[in-house]
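Given the sequences, and given the hints that come with them, work out the whole structure.
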Amino acid sequence: MRVLFFIQGLTVAASRYRVLQYLPLLKQAGIDVDVVEFPKGIAGWARCLGLVRQTDLVFVQRKRPPLLIIMLLKGMGKKIVYDFDDAIMFKNSLSSHPYSLRRKLSFRRMLRFADLVIAGNEFLRSEAMKYSRNIHVLPTPIDIERYSPKSYGPRDTIHIGWIGDHGSIHYMESYKEVWEELGRRFKNVSLAIICDVFIETQDIPLVRRVWSSEKEVEYLQDLDIGVMPLFDDLWSQGKCGFKIIQYMGVGLPVVCTPVGINRDAVEPGTNGFWAETMSEWVEKLTVLTENAALREKMGRAGRERMLERYTVQACAPLMIEWLKGVGKRDGGYGKSSPS
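Each residue of the sequence shown is one higher than the last, beginning at 1 in my numbering.
Simulated from the structure, these hints should not be mistaken for laboratory data.
What follows is a list of derived Cβ distance ranges for each label pair: (1) Arg47 x Leu101: 30 to 38 Å; (2) Leu68 x Leu294: 50 to 58 Å; (3) Glu280 x Ile42: 45 to 53 Å; (4) Arg2 x His166: 29 to 37 Å; (5) Met278 x Arg47: 46 to 54 Å; (6) Val197 x Ile42: 31 to 39 Å; (7) Arg47 x Pro268: 45 to 53 Å.
Simulated crosslink set (EDC-like; lysine to aspartate or glutamate; CA at most 20 Å straight-line): (8) Lys150 x Glu216; (9) Lys104 x Asp86; (10) Lys176 x Asp165; (11) Lys150 x Glu290; (12) Lys187 x Asp203.
Just so you know, even glycine gets a beta-carbon here, dropped at the ideal spot from N, CA and C.
And the structure:
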């Protein structure tokens with residue numbers, strides 16, 4: 001069996017964690033793979049036809065091909081698997097209103113032609129159920145051989161940290177009053193941002209960590225508390241909580257906005273806290289800043305939670321089963337019962 005993966009990009013987090021880290025495990029299971037970055041234009045797709053002819057399954061990650069290409073793939077008898085981990089049927093949190101007819105129609109078209117749909121969380125699954133029935137939920141996992149727990153012990157400075165990209169830095173900007181209030185309360189607290197862009201702060205020292213795949217785990221291990229602020233909107237409901245999974249992977253306690261999958265990943269009082277208002281954010285971060293033993297206890301609990309639910313080693317057998325299953329199925333895409 002051969003699968004051709006069309007991905008967003010080799011350095012894009014969703015591609016690395018939802019496709020590329022699975023490849024060695026797929027190969028061990030007897031699945032041959034080819035990986036191509038998403039083509040640009042019809043000419044780009046035309047150059048991929050040789051690979052398409054040789055494959056059994058076409059796995060499309062997040063983006064949607066033009067209708068002409070989808071029809072061509074189906075005309076060639078190829079099964080299509082579609083994977084997505086964002087609320088791509090809506091506009092993002094920076095938009096004044098979330099609804100987009102263009103996005104909705106593009107999403108609907110993709111799902112109606114897909115033989116298998118893999119969604120990153122239950123909210124995304126519920127949106128996909130409007131247009132398809134063969135849908136599975138698969139979180140964005142991490143590799144436990146790569147994410148080892150941090151070292152706990154006395155520290156001169158407590159690092160409250162966030163990891164992300166330029167597309168979500170606005171969440172950190174919107175919660176700036178929280179970070180600066182913590183800086184005014186505690187002279188031994190800093191804000192660490194692991195990203196390709198940064199915010200500006202006045203009352204709290206800012207540690208700038210330029211993200212790289214080689215250094216991200218090391219940077220995470222240097223944190224003491226992980227944060228994931230969000231807005232309560234449709235776009236945020238589609239977030240798959242990957243920051244939280246990364247924090248738990250290295251043994252960090254987490255403070256997050258209780259939106260979407262965040263409510264499942266973080267159990268208040270066990271591996272972190274929920275915070276809805278600015279005052280709650282300050283309160284919960286204050287509790288963790290003042291209590292090193294609690295940080296360690298919650299961090300270890302988060303690590304155990306991650307090991308139970310969010311590892312590529314646990315998710316790979318599901319991915320393999322689904323891919324092999326749709327590869328064997330004859331005809332009738334999008335018709336089987338939901339998982």
